[in-house]
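With chain A held as given, fit chain D onto it using these hints.
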Amino acid sequence: AQSVTQLGSHVSVSEGALVLLRCNYSSSVPPYLFWYVQYPNQGLQLLLKYTTGATLVKGINGFEAEFKKSETSFHLTKPSAHMSDAAEYFCAVSNFNKFYFGSGTKLNVKP
Amino acid sequence: DVKVTQSSRYLVKRTGEKVFLECVQDMDHENMFWYRQDPGLGLRLIYFSYDVKMKEKGDIPEGYSVSREKKERFSLILESASTNQTSMYLCASSPGYANTEAFFGQGTRLTVV
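Chains as they are written, first to last, in this note's numbering: chain A, 1 to 111; chain D, 1 to 113.
Pulled out of the complex, with its shape left as it was, chain A reads as follows (with noise of 0.2 Å):
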């Protein structure tokens, strides 16, 4: 069976400062993991993606994610928070044809 863990439903950074999402994963076989941000009324965009090969994985908007499976996680980074960030930001995991999502994380960005 398959299951993403979103630690933290609502994470709150100031403009500039890190940007740490959390996301732990299950998965009985190598896992193909995904991070994805919803704006307001709109549907997913893929920010980034693991399948194999190197682990620490770049994006787009400057975020980046590292697969430790050892740890069994997929967190999301971001060097330098800017105000667009804001955003519901979401985890998932598949196993070929079926995506499995987290609850969530709704990044809020002070200025």
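Any given hint might turn out to be false.
List of simulated lysine-lysine pairs, DSSO-like, C-alpha gap at most 27 Å [stated by the list, open to error]:
#1 D/3 with A/98
#2 D/53 with D/70
#3 A/106 with D/3
#4 D/57 with A/98
#5 D/55 with A/98
#6 A/58 with D/3
#7 A/49 with D/3
#8 D/55 with D/70
#9 A/98 with D/53
#10 D/70 with A/98
#11 A/49 with D/18
#12 D/3 with D/55
#13 A/58 with A/68
#14 D/18 with D/71
#15 D/3 with D/71
#16 A/58 with A/69
No lab work stands behind these hints: they were computed from the structure.
Quick caveat, the model's predicted, so the values are computed rather than measured.
Quick look at chain D alone, frame taken from chain A:
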């Protein structure tokens, strides 16, 4: 670019009505999905289709059915809408091989009154 189009952004329906949510993708993807999104619960899979006329129940199929008569179109049907089906509904598609992501539509916010 892949485009997944949902027919309505906002819908208001009455309790007991039969409701159709339509989704079309333009990239010849094998797989299509319907998710429901509620605050604090993330995305929950309602139904999944891996081919024309083929479907599989997700985690919360009760009160819903689906139809996929053509590869590009996947419809979600609420047979008799109820207030607890008020939610955001998201359609997605994917090519169906292992290392690819799902592509999402803009979502339909359904209110049942």
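Status of each hint after checking the structure:
For the hint pairing residue 3 of chain D with residue 98 of chain A, the CA-to-CA distance comes to about 19 Å; that is within 27 Å, so the pair holds. A C-alpha spacing of about 8 Å is found between residue 53 of chain D and residue 70 of chain D, which places the hinted pair at or below 27 Å, so the restraint holds. Restraint check for residue 106 of chain A and residue 3 of chain D: satisfied, since their Cα atoms lie roughly 26 Å apart, inside the 27 Å limit. Simply put, residue 57 of chain D and residue 98 of chain A have alpha-carbon atoms about 11 Å apart, close enough for the 27 Å limit, and the pair holds.
With a C-alpha separation of about 12 Å, the suggested pair residue 55 of chain D and residue 98 of chain A falls inside the 27 Å cut-off, and the hint holds. Distance restraint check for residue 58 of chain A and residue 3 of chain D: the Cα-Cα separation of roughly 23 Å lies within the 27 Å cut-off, and the hinted pair is therefore satisfied. This hinted pair checks out: residue 49 of chain A and residue 3 of chain D have alpha carbons roughly 19 Å apart, not beyond 27 Å. For a cut-off of 27 Å, the pair hint linking residue 55 of chain D to residue 70 of chain D stands: about 13 Å separates their Cα positions.
For the suggested pair residue 98 of chain A and residue 53 of chain D, the alpha carbons sit about 17 Å apart, so the restraint of at most 27 Å is met. Of the supplied pair hints, the one linking residue 70 of chain D and residue 98 of chain A holds, its CA atoms being roughly 20 Å apart against a limit of 27 Å. Simply put, residue 49 of chain A and residue 18 of chain D have alpha-carbon atoms about 38 Å apart, too far for the 27 Å limit, and the pair is violated. Of the supplied pair hints, the one linking residue 3 of chain D and residue 55 of chain D holds, its CA atoms being roughly 21 Å apart against a limit of 27 Å.
The straight-line distance between the Cα atoms of residue 58 of chain A and residue 68 of chain A is roughly 15 Å, inside the 27 Å bound, and the hint therefore holds. The straight-line distance between the Cα atoms of residue 18 of chain D and residue 71 of chain D is roughly 23 Å, inside the 27 Å bound, and the hint therefore holds. Using a Cα cut-off of 27 Å, the hinted pair residue 3 of chain D and residue 71 of chain D holds, with the two alpha carbons roughly 14 Å apart. Taking the CA atoms of residue 58 of chain A and residue 69 of chain A, the gap is near 17 Å; set against the 27 Å cutoff, the hint holds.
Checked against the numbered hints listed earlier, the structure breaks hint 11 alone; every other hint is satisfied.
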